[in-house]
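Enquirer: One letter stands for each residue in the lines below.
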Amino acid sequence: MIDLNDIISTTEFNPLIYWIIALMAIPLLSFFTTTFLKKIAPIWGTLLLGVNLSISIYLASQYWDTTGVSIRGNWFSIGDTQLTYSFLIDQLALIMLVVVNFISVLVHFFSMEYMRHDENKPRYFGLLGLFTFSMLGIILFYDLLFIFIFWELVGLSSFLLIGFWFEKKSASLAANKAFIMNRIGDLGFITGLMILYSQFQTFDLEGIKSLTVLSSIEDGNWVAEYFKNGELVRNGLDGRWLSAAGIALFCGAVGKSAQFPLQVWLPDAMEGPTPVSALIHAATMVAAGVFMIARIFVILDAQALEVVAVVGAITAFMAAVAAFSQFDIKKVLAYSTISQLGYMVLAMGVGAYTAGLFHLVTHAMFKAGLFLSAGTIIHQLHQLEDKDINFDPQDMRVMGGLRKYMPVTFICFLICALALAGLPGFSGFLSKDAILLNTAVWIDEKGGGFYFIEVLAFATVLITAFYTFRMIFLVFTGDFRLPKLIPANTTLKPLQEGNIFLQLPMILLAIGSLSVIFGFTMKAENTWFYSLIQDPIFLVPESYAAFNLMDLPHEWFENLHFRVLAISIALALSGVVIAYFLFRPGAKFSASFVEQREPIGVIAQISFYHWYQNALYEKIILKFILWKVKRIAWFDRVILDGFINFIAKFQVVFAHLIAWFDRNIIDGFVHLTTYTTGRVGQLTRSVQSGNVQAYIMAALAFLILMLIWLLF
Amino acid sequence: MPLNTILLLGAALFCVGLAVVVTRKNAIAVLIGIELMLNAANLNLVAFSRFDAVEFQGQIFALFVITVAAAEAAVALAIVIKVYQHFQTANLDKINELKG
Amino acid sequence: MPIENIIFYAFLGLTGLSALFILLSKNILYSAFALIATFIGMAGIFVLLGAEFVAITQILVYVGGILILMVFGIMLTNRLSQAKVETEVYNKFFGILISVGLFYILAKAIEMADFANMGWMKNAPSSPSSVRDLGMKIMTDYVLVFEVIGILLLLALIGAVRIAGNTREEGADAA
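Chains as they are written, first to last, in the numbering used here: chain A, 1 to 712; chain B, 1 to 100; chain C, 1 to 175.
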């Protein structure tokens with residue numbers, strides 16, 4: 001029997017805590033100080049983040065080979081209930097630290113140019129600092145309650161940054177939408193926290209894991225036995241609660257990582273500045289959901305994982321379909337992000353822990369690179385706007401042939417796009433291949449209706465390659481379409497390549513999208529990432545646990561590997577070829593593209609409107625909620641307000657009664673007293689007339705009375 | 001000469017003097033009343049002295065009363081004159097400085 | 001009825017009636033003169049009671065001294081131009097009530113005391129007193145009181161003069 005207090009006892013002092021505090025304090029300092037620094041805010045924020053990146057790299061080099069250092073302490077106690085905080089510095093946290101800080105620094109650097117003309121720069125850089133602080137909190141803490149707190153902070157900074165240009169109605173609406181969708185997911189997160197806490201009475205992940213591995217299934221009940229404060233605790237819940245806890249926690253990830261059915265906020269979130277989209281809505285925050293699943297991975301049971309896998313596959317496919325007919329370059333990237341996040345979630349669902357995290361890292365690089373490249377294009381196109389020339393710089397219909405004007409951007413974009421499409425030689429290929437392989441193995445083992453997951457996953461490969469190269473053909477090849485669209489009497493300034501501030505981050509991220517960074521290999525298993533992070537063993541009771549991919553015979557992988565590799569490369573190449581035939585310069589589709597107001601054809605319409613999911617929400621759920629809200633408002637207004645008004649009226653009447661009583665009875669009594677006293681005073685005063693004869697009479701009268709009494 | 005008759009006369013004189021003292025507003029009239037009352041007392045003293053021929057206590061006391069009355073009258077009249085000078089009236093109802 | 005009794009009741013009547021006149025008259029001067037009549041009546045009664053010295057003193061002091069003072073007082077405190085030196089009357093009801101009540105009680109007390117049957121009254125010597133004996137008594141047994149009363153009288157007279165003296169002079173002295 002295990003004692004909970006031993007598991008979550010305070011660890012010995014470790015100087016590492018200073019580094020952890022520094023890591024979180026520096027972005028927070030940036031948040032608090034940039035507001036006061038007007039001109040130098042961008043440089044200051046970037047410098048602080050640069051320091052943070054240095055610390056992260058230093059920590060990574062120091063703790064690379066350790067199995068994980070945990071630091072735990074008492075936060076506070078209420079009665080017997082002890083709440084702890086704990087940090088875990090393991091390889092996963094270190095990799096995330098470096099990735100987040102690296103991209104954050106690049107985005108800061110990029111923003112110095114991108115936001116140069118925005119007067120709210122200090123606020124912008126402060127919010128980037130707040131976001132980085134919150135994100136690092138999620139990464140460093142190893143305690144579900146703290147992860148939840150920072151989870152919410154991340155949501156808040158996302159809200160603030162999406163609505164950064166809140167003067168725009170669409171931006172503030174998008175911010176609201178993102179926040180509300182996240183809240184729906186967080187409801188699940190809280191539910192999961194409550195289930196786990198009621199079972200284990202701790203939020204500490206180490207404690208939860210230790211107790212989960214000791215829990216057992218008895219007669220369909222999930223029983224956890226442990227000592228707490230010297231007393232035996234025996235908590236038994238129906239076995240379904242184990243799955244429920246996992247699924248509830250996964251709901252949080254569904255909101256944050258934009259999974260079906262809550263993914264609709266992410267395309268709208270593109271209203272924020274493009275560097276923000278790169279940092280938050282492509283590389284880090286949306287990946288936090290996947291990271292959180294990784295943290296709780298070992299306590300997910302088979303059923304929860306199935307839900308995760310199905311949701312991931314559906315999301316990946318739906319978003320990929322939605323991406324292929326968008327006009328807005330950022331929308332394409334947004335749907336692409338959702339799709340790739342779906343891949344990561346799918347990987348988690350099928351038990352491919354390492355593959356999912358690997359894809360998280362590679363995706364963070366190439367998607368940030370894509371966003372920053374797109375940001376460069378948008379920024380440079382924006383320079384061409386003036387009072388006579390108005391166009392949407394994010395619209396691919398105005399672009400075309402940019403290769404000639406912006407060669408560096410083109411190369412960076414191309415490298416990142418190849419990684420996204422999953423072609424050999426680029427990082428996306430390694431990680432996506434690993435996911436597809438693991439999915440294939442899982443489905444072979446699982447069998448039955450789960451084949452549709454495999455179909456969706458492979459179809460997504462084709463569509464991804466297609467929409468990626470559609471984007472490249474539309475943006476970079478052919479002729480520049482903008483001069484034909486503007487009024488005849490205006491002249492355009494020449495389109496220029498972005499300056500060093502815009503180029504350097506792109507180049508770095510493009511380099512990070514090359515597969516050689518992770519190892520000179522075609523197989524994900526051979527990368528250094530795989531050697532650092534292995535699939536963990538499930539801790540839930542055996543009858544509920546999913547089968548572990550690592551336990552499967554090695555030949556299985558070997559047999560499947562070549563087939564998966566071949567199919568995925570073939571599908572990706574065919575996607576590129578289809579895109580070439582449809583959107584190459586001079587092709588039929590490409591020619592009519594500029595004139596289109598919206599895509600033609602049923603499939604394209606479904607894609608453009610993202611399966612009409614928004615419309616569905618507005619028509620059915622929103623209407624239902626509005627109807628219900630009206631009923632509740634009626635109840636509020638008529639019943640509750642009526643009751644309160646009645647109480648208020650009763651109070652007023654009662655107060656009047658009391659006032660009357662006060663005025664007439666109590667005051668009357670007081671007045672009577674004073675009146676009596678006054679009259680008595682007047683009476684006695686009147687005796688003192690000052691007339692001596694009256695005194696004599698009075699004296700004699702009393703003398704007579706005395707004599708009468710004496711004599712008779 | 002029955003004793004009771006004289007005593008009744010004394011009592012009557014005293015009461016008349018008292019009535020004068022109480023009812024008159026003029027200070028001199030009040031003094032007259034007081035003299036009446038003193039004489040009523042004298043009458044009693046002398047009447048009882050009739051039955052005390054040896055010691056003459058009553059008569060001697062009556063003499064002293066007369067003397068004191070004379071002194072009293074002198075001082076009282078002096079005061080009345082002074083009061084009149086001060087208040088420009090000898091009416092006692094106007095002189096009510098003691099009024100509460 | 002012996003002549004003595006007639007004289008007694010005559011004096012008694014004089015005394016009582018003049019006293020009543022004092023009570024009823026509003027004119028102070030008349031009251032003062034009625035007071036003379038009262039004193040004379042009383043002096044007569046004193047003579048009949050065998051107190052000749054007291055009677056003489058009564059007339060000397062009261063009629064000759066006090067009443068003159070009274071008349072002077074009346075003159076000094078009233079404007080001579082006034083036709084009548086009258087006083088206002090008030091407290092009539094209570095004054096009369098108290099007086100009558102007191103008289104009733106005194107009369108009742110005299111009646112209840114029943115002096116006629118008292119021992120010392122019965123054994124009283126019937127011989128009338130003499131002025132000579134009275135003089136002897138004053139100069140022997142009561143000499144101290146006599147002297148003290150003389151000093152008192154002197155002081156009273158000096159005091160009266162001092163009180164009634166001119167205030168302005170006094171103020172000048174003080175200054």
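Hint data in this document are derived by calculation from the structure and do not stem from the laboratory. Beta carbons are placed, not taken as given, at the ideal position from N, Cα and C, and that holds for glycine. Warning: the hint list may mix true and false statements.
Pair ranges (Cβ atoms, derived) [as the list claims (entries may be wrong)]:
1. V680(A) with G119(C): 24 to 34 Å
2. A701(A) with N123(C): 12 to 22 Å
3. N664(A) with L24(C): 51 to 61 Å
4. G690(A) with N123(C): 44 to 54 Å
Far from chain B by the CB rule (all over 12 Å, computed), these chain A residues [stated by the list, open to error]:
5. F76
6. E555
7. I696
8. L700
9. F712
Pairs of lysine-lysine, DSS-like flavour, derived with a Cα cap of 27 Å [what the hints assert, rightly or not]:
10. K25(B) with K108(C)
11. K387(A) with K446(A)
12. K92(C) with K25(B)
13. K82(B) with K26(C)
14. K168(A) with K619(A)
15. K25(B) with K137(C)
16. K619(A) with K630(A)
17. K122(C) with K94(B)
18. K94(B) with K137(C)
19. K122(C) with K26(C)
20. K121(A) with K387(A)
21. K94(B) with K92(C)
22. K38(A) with K121(A)
23. K82(B) with K84(C)
24. K168(A) with K387(A)
25. K25(B) with K94(B)
Enquirer: Look at each hint and say if it fits the structure.
Expert: Okay, the hints, checked on the actual structure:
The given range of 24 to 34 Å is broken by V680(A) and G119(C), whose C-beta atoms sit roughly 54 Å from each other. A C-beta distance of roughly 40 Å is found between A701(A) and N123(C), which places it outside the suggested range of 12 to 22 Å. Checked against the hint of 51 to 61 Å, the pair N664(A) and L24(C) passes, with Cβ atoms roughly 58 Å apart. The beta-carbon spacing between G690(A) and N123(C), approximately 53 Å, falls within the hinted interval of 44 to 54 Å.
Listed as outside the interface, F76(A) is consistent with that label: its C-beta sits roughly 76 Å from the nearest C-beta of chain B, beyond the 12 Å cut-off. Non-interface call for E555(A) relative to chain B: holds, since the shortest CB-CB distance, roughly 127 Å, exceeds 12 Å. Look at I696(A): its CB is around 6 Å from the nearest CB on chain B, not clear of 12 Å, so calling it non-interface is violated. Residue-level check failed: L700(A) sits 7 Å from the nearest beta carbon of chain B, not beyond 12 Å.
With a closest Cβ-Cβ approach of about 17 Å to chain B, F712(A) is found to remain outside the 12 Å limit, as its non-interface label requires. With a CA separation close to 31 Å, the supplied pair K25(B) and K108(C) exceeds the 27 Å bound. For the hint pairing K387(A) with K446(A), the CA-to-CA distance comes to about 61 Å; that exceeds 27 Å, so the pair is violated. In summary, the hint linking K92(C) to K25(B) is supported, as the alpha carbons are separated by about 11 Å, within the 27 Å threshold.
Distance hint between K82(B) and K26(C) is fulfilled; the C-alpha atoms sit about 23 Å from each other, no more than 27 Å. With a CA separation close to 25 Å, the supplied pair K168(A) and K619(A) stays within the 27 Å bound. For the hint pairing K25(B) with K137(C), the CA-to-CA distance comes to about 42 Å; that exceeds 27 Å, so the pair is violated. As the CA atoms of K619(A) and K630(A) are separated by approximately 16 Å, the hinted pair is consistent with the 27 Å bound.
Note on K122(C) and K94(B): the hinted pairing is violated, with a Cα-Cα distance of about 53 Å set against a maximum of 27 Å. The straight-line distance between the Cα atoms of K94(B) and K137(C) is roughly 48 Å, outside the 27 Å bound, and the hint therefore fails. A threshold of 27 Å between alpha carbons decides the hint, and for K122(C) with K26(C) the separation of about 44 Å lies outside it, so the pair is violated. About 23 Å separates the Cα atoms of K121(A) and K387(A), which keeps this hinted pair within 27 Å; it holds.
Our distance criterion of 27 Å between C-alpha atoms is met by K94(B) and K92(C), whose separation comes to about 18 Å. Of the supplied pair hints, the one linking K38(A) and K121(A) holds, its CA atoms being roughly 8 Å apart against a limit of 27 Å. Proposed proximity of K82(B) and K84(C) is supported: the alpha carbons are some 22 Å apart, at most 27 Å. Restraint check for K168(A) and K387(A): the C-alpha separation of about 19 Å stays at or below 27 Å, so the hint holds.
A distance of roughly 9 Å separates the Cα atoms of K25(B) and K94(B); the hinted pair therefore holds under the 27 Å criterion.
Hint violations for this structure: numbers 1, 2, 7, 8, 10, 11, 15, 17, 18, 19, all remaining hints satisfied.
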